[in-house]
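J.: Residue numbers (the working numbering), protein chains in the order written: chain A, 1 to 314; chain B, 1 to 268; chain C, 1 to 311; chain D, 1 to 505.
Any given hint could turn out to be false.
As the list claims (entries may be wrong) - Subject to a maximum C-alpha distance of 30 angstroms in a straight line, what follows is the list of computed DSSO-like cross-link-like pairs (lysine-lysine):
1. C/87 / D/225
2. A/107 / C/87
3. B/101 / C/164
4. A/245 / A/194
5. A/114 / A/200
6. A/78 / A/6
7. C/121 / A/57
8. C/164 / D/225
9. C/223 / A/78
10. C/208 / A/125
11. B/68 / D/318
What the hints contain is simulated information worked out from the structure, not anything from laboratory work. Source: prediction; values computed, not measured.
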Amino acid sequence: MTIEIKNLNIYFNEKTKLQAVNNLSFNVKKGEIMGLVGESGCGKSLTSLAIMRLLRKNASFSGDINFLGENLLNLSAKEMTSLRGREISMIFQEPLTALNPLHRVGKQIAETLKIHTSLSKKERKEKTLELMNEVNLKDLEDTYKKFPHELSGGQRQRIVIAIAIACEPQLIIADEPTTALDVSTQTQIIDLLKKLNNKKDHSLLFISHDLDLVGDLCHRIAIMYAGHIVEIIEKLKDAKHPYTKCLLDAIPSPLHKGKDLYSIPGRVPTLSERKSGCPFAPRCPMAKEKCHEILPELLEKKDGHLVRCLYIYR
Amino acid sequence: MNIKVKDHNLIIGGVILMFLLFIMGVSFFYLPHSVTEINTKLKLSPPNFSYLLGTDNFGRDILSRLMKGSQTAFLVGIISVGIGSSMGVLLGAISGYFGGKIDEFIMRITDAMMAFPGILFALMFISVFGVGIENTMIAIGIMSIPTFARITRSGFLREKELEYIKAARVRGASNFRIIYHHILPNVLSPIIVAATMSFSNAILAEAALSYLGLGVQAPNPSWGRMLSESQMYFMIAPWYTLAPGIMISLTVLSLNMLGDFLREHQKR
Amino acid sequence: MIYFIKKISIMTFTLFLVSIISFSVFQIIPGDPALSKLGIEASQEQIDILRTELMLDKPASIQYFYWIKNILKGDLGESIRFSRPIKELIGERIGVTLSLGVYAILIAVAIGIPLGILNAKYNNTKFGVCLSIFSQAGLAIPEFWLGIIFLIVFGIIFKFFSLKYISFGDDPISHIRILTLPAFALAISRISVVARHMKNIILEEEEKDYVRTAYSKGLSMNKIYVFHILQNALVPTITIIGMLTAGVLGGAIVVEQVFNLPGIGTLLINGVTTRDIPLVQVIITYIASVVVIINFLIDILYKIIDPRISI
Amino acid sequence: MKKIIGLLAVLMLMISGCGKEESSNENTLKTKVDGGELVVRISQDMDFLDPHKALAAGTYEVMFNVFEGLLKPTHEGKLIPAVAESFKISKDNLTYTFKLRDGIKFHNGKDVEIEDIIFSLTRIGGDFSGNSVVKDLAKNIKSIKKIDNKTVAIELKKVDGTILSKFTTAIIPKDIVDIEKSPIGTGPFKFIEYLPGQKLVMEKFKNYWMTGVPTINKVEFSIIKDEQSSILSLQRGEIDLYPRMGSIHISTLENTNNIIVTEQNLMQILSLNNKVKPFDDIKVRQAIAYAIDSKEIIDTLDAGLGKSIGTNMSPVMKNYYNVETEGTYTHNIEKAKKLLKEAGYENGFEFTLSLPTNYRFHADTGVIISEQLKKVGIKANLVEVEWGTWLKEIYAGRKYEGTIIALDGKIEPYDILNRYISNHRRNFMNYESKKYDEIMKKITQITDEKTKIELYKKAQMILAQDIPVVFIMAPAGIIATDKDLRGYTPYPIYVQDISTLYFVK
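Let the sequences and hints guide you as you build the complete structure.
T.: See the structure below:
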């Protein structure tokens, strides 16, 4: 078990206290690629920032995130700083702005090695070139000296990945790494992540809103809605929870030829609009009157398949 | 309403400004002593009961002259901001909206005008059209046109590209309607921030001009003039110099703070 | 390279506009330079001789043409009041204004930037509030009043700074010592401008993604500030220095008057009161051109430093 | 309390001798220092260094120490021989014969020769744009003949009782290339350098013809426009002599510096344009004269040290001064109102009072006068006028109603009073009086001193009664000097004589 999150709550205290993530619990096994999927605003990115302890000052959190035998939420800033980059690292969505525009890309990779390893300058350069090679970058010496704005989106994301895997961390969190890229580069990056995961034994938490993408890449998938995990499954096709099923129907695919595309009625409730009971109840086609009152448990129905719904597997 | 530290600009700036506006308001109805009547026996007397802030070298009450001076100060501010903003926004709108040759031309003129340090511009204007409060106001007004033009232009350039403008054009709205109804309201907040800033600059400029002997005319009191007249008596009657200096600084400080608050507020 | 050429052409056109403004403004000035030169004793025919001598009787456009031709040839014409070549007068005194201006900008930047950083770091704390009020106060105090207070407090009460101007050539140390007071009077309000800009830029940079990447790499907050945020913040700071030049030169005119420094500021005020039109026109064009040129250089420097933009 | 003691101390000084600074007791301990460097504060730049072109009073005040004419004014207002040793006037008052002082040298070491005198006096003729003193002299010179190596005879076209003061025109070397760049004369000090807006430096002329003078080695006239920084420089000891200081600073400086109060040959007037209604009516002018309380102005602006005057002449001119003119119009509100009623302005009138911006003293006087006139119903609207415009519109153009200015006195009483002659170029008050013109004409025709004095006094009385302008005051001349500076001699004209100054230690 690389990381285990239990009853994670995240609040925002602007004028009043709003709950963004509601006692989230899930874990990521060693070497596993765990998908975290949900519409925007469901709290998936917040979770990743909570793990990295990079939430804004006006956010507060509770619960525990056990990683390498410690609860990350209780670590001091200094301890957390030494963890970041060495044991946990992150890949961001916007490659264009994720890199410091004034530093050469090679140097930005070497910086991580400089902090966490005692390699000499020359050794760091070699390791950086090695890493750049691993992420399938071409003419390494030349690219090393380039500035971020002189590289393409795909190349820049490879640099970010190189930075993430520099110190062989236990866990890499990828927060929608391919959303900003065109489709062809997207598949190259996904293959790269798959290859790296197989070669090294680090585990990968892959956050996205694209169900298809997550379906192929991840060993297990957790579907989030309005701050809760509603279902954790291995294969998308055996999804049971109505929200997941609706999402699947909404994906245009040859199977549904001729039928008009299904779209879920209503919209995702904002933080202040969340009420008691099952979060999906107001939009759930199978919603019963009880759904609005009780918040269902996330129960394990069949080996590893967890669902948060009163009427499934009754 | 839990007043957070963040709003300090509003609180302090607002309080000082209210205090100054209160003084100005009172000055319309009541002044402790006549502003022009002199009695030379009491000249340069230190603050005492009947003259709360002491008297100047003609024995006139400094407090009432400061209160009357607040009218001039705000008048100078309002009129010069009026001139500066109306001309500036107009120029900025035209050059921002239409772009091309006009934009290039107007921008070059504003560059040239901005090259003259503010005080220099007023100096030139006043030595041509003569001293006096009207010319001071016009001079300071013209001085602030380039800043307004710049801000409005950048606002227009930013808004012009957005969809809702294209949509308005598609609906056949006339240029004037688009400028007036659509773009201007969205560009208004940076203009308001600039207005507060140039209001305080106007007061500072009036003081500097009076120091150089070109500002508002005797005997009607202006803070700048009192400051320049009083500097000779600094050693003998320091209160005479400190009073106008502090009034000017307080007014400018409060306006700058409100400007900062608006600027921060505008961003969120 | 085209960017470079385009920039130069814009600059020359602006300079041309500047010269037109400062020349034409003084054509419609009341008061006759010849009379104020020869003074109240002079007879009418003497005044007329001087007027023709100075071509004051020719139409403005011709006068302007000759004026510009001479300037390009390096002959800035002769001051009526001092009956000496203006180039000489400016030459003698430009050193004072420039060293005062540079000194003031250095102070403003040296104090403004750290103040800006502190302001940004302690943005929403009590300490941060005091800092921002302090820096705003600097902007609120009129320069010349500040000058007078400095003059009296440091000049008389503490007998700290002498008032006799000593040029850099003669004795650099006391030159700097003497210019400290006026430079500070001039710099105080600029410090708050620099600090405010610095604070806003840093707050903006803090939100940027690369800062989050840096955190995720395990860099400590201070390191992130020094290596990442400040460097990115310094690039736009250079443009602030460009903006300061106009304000500093304007302020220098007033501060020189207070500290009685023989710079071109006092020369200008002297020229305006004695209607020494040629002198005033040249000085105003000179100051405006310095501002335009410095802003031009800053623009180019900004492009060179920031790799993102290629010339 | 502090202020009163200060004023007493100053008054004590006044009584102890009009301006001539007696050495008080603590002085005897100090010994006279030979040489030393002196810094004098002046407020304006030189207009021309060429003595024959220089017009501004500020230039003559400084260059008085460099140039000398055949004759030279003294601090008592008399004329003594300088370049000339002695002179004779012919019976018909037409030929003036000057004998050259032997051994007198120019600053460049050359001996002064008759040819230099002839060169200097012919140079100023023709269309040379010289100042008025030089021009009036040149107009009246018929011929200049060299009698021998030591004497020269100057023949006038017509008799002029006032010509003597014109012979103070500077004598300069005949072979001088550019007098403007290198001013060379015979005065006690030699010109070194002039940096406009900064300073003008002179040094002691070793072989000056008058023995025992000057003592000071080097003099720097430091140009400081701003009054406040001048005071501070004085307090810091960076300047040693501050002539014409504002009276308000007396209390600040009295214990750190010497303060000398003298009577100045300067008349502050409220000029009323006699061609403009209602000032063409003498009753209105008299009413204004009665309404104005010059004592209050003197107390407020000149620390009570100025003297109120009744005519266009300062008491400094001693025997030429007509004492009876004092008090012709003492402050009397009722009389003023009565006169206004008679003139038909019972409920007063309004007029514009233009004030020159670069003289704060006059602007402040304007403020007080506008208040005083309110008491008799006259509303004076103050308008500040920039100096350049004042010269053109008001002084030359005479387009004004009322203005306040000070007229500086000359060594020759005729030059002080000739302004009021009807057709005189500088009669900007537009005053016309046949009687006054005749008296002034007669003065020029006679040379006998006694009758001239009688005529001058009669002229002053006419001015006092006709009151073309309101004579406000003769402001006191206040000079602040370094604690250890002695020997300051005030002059009835606008000069600073450095030769008599010395330091004590």
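J.: Hint by hint, say whether it matches the structure.
T.: Hints versus structure:
1. Restraint check for residue 87 of chain C and residue 225 of chain D: satisfied, since their Cα atoms lie roughly 23 angstroms apart, inside the 30 angstroms limit.
2. Distance hint between residue 107 of chain A and residue 87 of chain C is unfulfilled; the C-alpha atoms sit about 52 angstroms from each other, more than 30 angstroms.
3. For the suggested pair residue 101 of chain B and residue 164 of chain C, the alpha carbons sit about 52 angstroms apart, so the restraint of at most 30 angstroms is broken.
4. With a CA separation close to 26 angstroms, the supplied pair residue 245 of chain A and residue 194 of chain A stays within the 30 angstroms bound.
5. About 22 angstroms separates the Cα atoms of residue 114 of chain A and residue 200 of chain A, which keeps this hinted pair within 30 angstroms; it holds.
6. Our distance criterion of 30 angstroms between C-alpha atoms is met by residue 78 of chain A and residue 6 of chain A, whose separation comes to about 23 angstroms.
7. Taking the CA atoms of residue 121 of chain C and residue 57 of chain A, the gap is about 13 angstroms. The hint holds against a cut of 30 angstroms.
8. Distance check on the hinted pair: residue 164 of chain C and residue 225 of chain D sit about 14 angstroms apart at the alpha-carbon level, within 30 angstroms; holds.
9. This hinted pair checks out: residue 223 of chain C and residue 78 of chain A have alpha carbons roughly 13 angstroms apart, not beyond 30 angstroms.
10. At roughly 27 angstroms between alpha-carbon atoms, residue 208 of chain C and residue 125 of chain A fall within 30 angstroms of each other, so this suggested pair holds.
11. As the CA atoms of residue 68 of chain B and residue 318 of chain D are separated by approximately 49 angstroms, the hinted pair breaks the 30 angstroms bound.
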